[in-house]
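In order, the protein sequences belong to chains A and B.
Per this note's numbering, the first sequence runs over residues 97 to 278.
Per this note's numbering, the second sequence runs over residues 841 to 1115.
Check the hints yourself; a few may be wrong.
[To be verified] Just a sample of chain B residues kept apart from chain A, beta carbon distances all over 12 angstroms, derived:
| # | residue |
| --- | --- |
| 1 | SER847 |
| 2 | ASP863 |
| 3 | ARG865 |
| 4 | GLY890 |
| 5 | VAL905 |
| 6 | ARG981 |
| 7 | GLY1059 |
[Unchecked claim] Label pairs and their in silico Cβ distance ranges:
| # | chain 1 | residue 1 | chain 2 | residue 2 | range |
| --- | --- | --- | --- | --- | --- |
| 8 | A | ILE249 | B | ASP864 | 16 to 26 angstroms |
| 9 | B | GLU1105 | A | LEU183 | 40 to 50 angstroms |
| 10 | B | PRO877 | A | ARG258 | 42 to 52 angstroms |
| 11 | B | LEU1065 | A | LEU219 | 34 to 44 angstroms |
| 12 | A | SER185 | B | PRO877 | 41 to 51 angstroms |
| 13 | B | LYS1007 | A | ARG258 | 47 to 57 angstroms |
| 14 | A | THR251 | B | LYS1007 | 40 to 50 angstroms |
| 15 | B | THR1098 | A | LYS264 | 35 to 45 angstroms |
| 16 | B | ASN913 | A | GLY269 | 19 to 29 angstroms |
| 17 | B | ASP1108 | A | ARG258 | 39 to 49 angstroms |
| 18 | A | GLU222 | B | THR1035 | 35 to 45 angstroms |
[Claimed, not checked] Covered stretches of chain B (chain A as the covering partner; in silico rule of three or more C-beta atoms under 8 angstroms from a C-beta of chain A):
| # | region |
| --- | --- |
| 19 | 852 to 862 |
| 20 | 1047 to 1056 |
Hints in this document: simulated from the structure, not taken from any laboratory.
We put the CB at the ideal spot given by N, CA and C, even for glycine.
Each chain, letter by letter, is given below.
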Amino acid sequence: MNPLISAPRRCAGTAKEAVLASFRQNVETTIPALRRFARSLTRDADLADDLVQDTLVRALRAEHLFHGGDIRAWMYTILANLNRNRLRSLARKPAMSSIEDNDGPALAGPEAGARDIERALALLVEEQRQVLLLVVLEGLSYREVAEVQGVPIGTVMSRLARARAQIKEFLDGSRPALRRVK
Amino acid sequence: MIDRDLSVTEEELHAYVDGELPDDRLQAVTAWLAAHPEQAALVAHWRMQGDAIRAHYGAVASEPVPDRLMLDNIARATDRGRPPLRSLMAMAATVVLAFGIGAGTGWFAHGDAGAKSAAGQGRIVAAGSDKITADALEAYRLYVVEVRHPVEVPGSERAHLRQWLSKRVGEELRIPDLQSIGLKLVGGRLLPGPTGAAAFYMYEGPSGERFTIYCAKAGGPETALRFKNGERDASFTWVDDKVGYVVSGPADRDRLETVAKNVYEQVDKAGVKKG
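So that you can see chain B by itself, here it is in the shape it has in the complex:
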């Protein structure tokens, strides 16, 4: 008991400053600080930091909320942002066209550079799946930040999405259901792939974390799940029956692995591919 009173941890000092210290420790910490001026100065400095931050930003909360952030306006825009199916399909066609042009100069060129530098390092990897991973990660980074138009066809039109993308990719595709691990299908879009079209699905968790699946025809041999770790994001890639799959998400390997395995099992079990 006496020992506990005599030694105060740094965590307790933070808790003291933030009003999180249990009542029964308050007296002990106060007394300890009185006897330790250096630590007391540190605590005072932390308080000063908090005061400075509050002084600098506190008033923002009392500013009038600008019109564009009024919830009614946002709700109206959100409701209007869901066009009927027919216009969605017309939109899809134009977006693909725009993408075809952008692809030559933009992130496609980038994907090539990535594949080349990887090859330059002398790593023996299937060229097909390497390229597909680079393309998929680029697509992930491009669309994961998109709030209003992350997809072309919303997840509520799953059957249509599956039909459309299967036709364009030229393979009978399956859109995995990831509700059991807390991920809802946001929707999908068509993208350029290494040898034609690629299908791209986006999923979202309850607090906005996003995962994507990219699949396209791949020339390379079948591979096992291959993990690629970026600074902030990561992906699992595999090739199965001439279709390459890339599951991308935030760089949390365990979580991503769970997602990838779920996807893997569902597309594998599906048995809908041409045998």
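Chain A with its partners taken away, still in its complex shape:
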């Protein structure tokens, strides 16, 4: 997709600069989407931008490791890995209160819907959350998601199915008033 990027590194100064510039331009165009993905993954605006910043730092440092291919998928991969690392370090801290524990009273109207989807996403296992968000929010194909997660497409499909089933279960349970509406 970006043939320029896989060009040999031992090239003339100007060509090298052009490769660098094109790499950076391509990285730059992914930033808005990365912010959206990070926000939905973490559901926290500051944390999300920290994650994007770390992703960009890592991408710039690793640009010599990028051997062409889809730069967008590569950026999502870095971000997903960083978030997994972050959760790993969080898992070591005991007594993290879950979102449900400090929930206020139930809201009504569109606010409630937004809150519900946030809480439903929070319930998912990280891998399932990633798949669902990459597909429905970021518009990646199943094949691209498989590449990001480094798993076969079949695994992506089953994660997606589990994510959707769990969200449905949560939404059905949390809104009993709407449950039987036909």
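Given chain A, work out where chain B should sit, using these hints.
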């Protein structure tokens, strides 16, 4: 053919919702859904989920990008983040000092607790290598999340790193080359070990997955590769010629085993240790 048209799998329903269904199945699935209202309701619910997620987060992509995420600013900070060798060595000295203090209260205490509980379960293991594994895993978890300062000396200064850490650990060390399995040396740092200093190297794959090698003098007898599995991470530990090695990484046993064996062969073959 007729059978295939009549039965629609759940996978196909997801593919239908996500626009991944092959054209030649579109008509069949649409017709099938018309005849199966329950499944049609399920599909509608999945669509509603997607709509809700997009409605809630979609606008983030149209927000102006904050200054700290402007690529030029990040590039400047990244370039500035590589100090010359001399200041790196001065920095290393202060970091070790800070670590010496932190070690008494922080993750070192934690490592002890881990070793004790393992012993309490009556497992017969060499105490030396158990302690080393606990320390190494703690170090892995601590530094693997570090983006800007994962190491003290970058991998580009491999020779210097080797010299420095060998001197501090008191053993002729070798820094394995793992390029052949796609891992680049990020660099290394000095850490407190069970009986003195420990050397810590970090490697990184193309998409940011990290592996670390921790090595320190170990009192215990020589051991074979021993696997320890955590919830999200894992390690291989062995003791060879009074030096303990711990290779840690994400909990993918096959991948980790490949890395550990590569390391094992290289430090073993090296023949640079005192014989």
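Distance restraint evaluation - B:GLU1105, A:LEU183, Cβ atoms, bounds 40 to 50 angstroms: About 33 angstroms separates the Cβ atoms of B:GLU1105 and A:LEU183, which means 40 to 50 angstroms is violated.
Consistency of the no-contact label for B:ARG981, given chain A and a CB cut of 12 angstroms: violated (6 angstroms)
Given coverage of the region 852 to 862 of chain B by chain A, checked by CB-CB distance under 8 angstroms (3 or more): holds (count 4)
Reported absence of B:VAL905 from the contact zone with chain A (all CB gaps over 12 angstroms): Since the minimum Cβ distance to chain A is about 5 angstroms, B:VAL905 lies within 12 angstroms and the statement is violated.
Range agreement (Cβ of B:ASP864 with Cβ of A:ILE249, hint 16 to 26 angstroms): holds (19 angstroms)
Assertion that B:GLY890 lies outside the chain A interface [Cβ separation over 12 angstroms]: violated (4 angstroms)
Cβ separation of A:THR251 and B:LYS1007, checked against the hinted range 40 to 50 angstroms: Holds: the Cβ-Cβ distance is about 47 angstroms, inside 40 to 50 angstroms.
Outside-interface status for B:SER847 - nearest CB in chain A farther than 12 angstroms: holds (17 angstroms)
A:GLU222 versus B:THR1035 beta-carbon gap, inside 35 to 45 angstroms or not: Given a distance of about 38 angstroms, which is inside 35 to 45 angstroms, the answer is holds.
B:LYS1007 paired with A:ARG258, Cβ distance criterion 47 to 57 angstroms: holds (52 angstroms)
Outcome for the supplied range 42 to 52 angstroms, where the beta carbon pair is B:PRO877 and A:ARG258: violated (24 angstroms)
Status of the given 19 to 29 angstroms range, CB of A:GLY269 versus CB of B:ASN913: violated (45 angstroms)
Hints 4, 5, 6, 9, 10, 16 from the earlier list are contradicted by this structure; the remaining hints agree with it.
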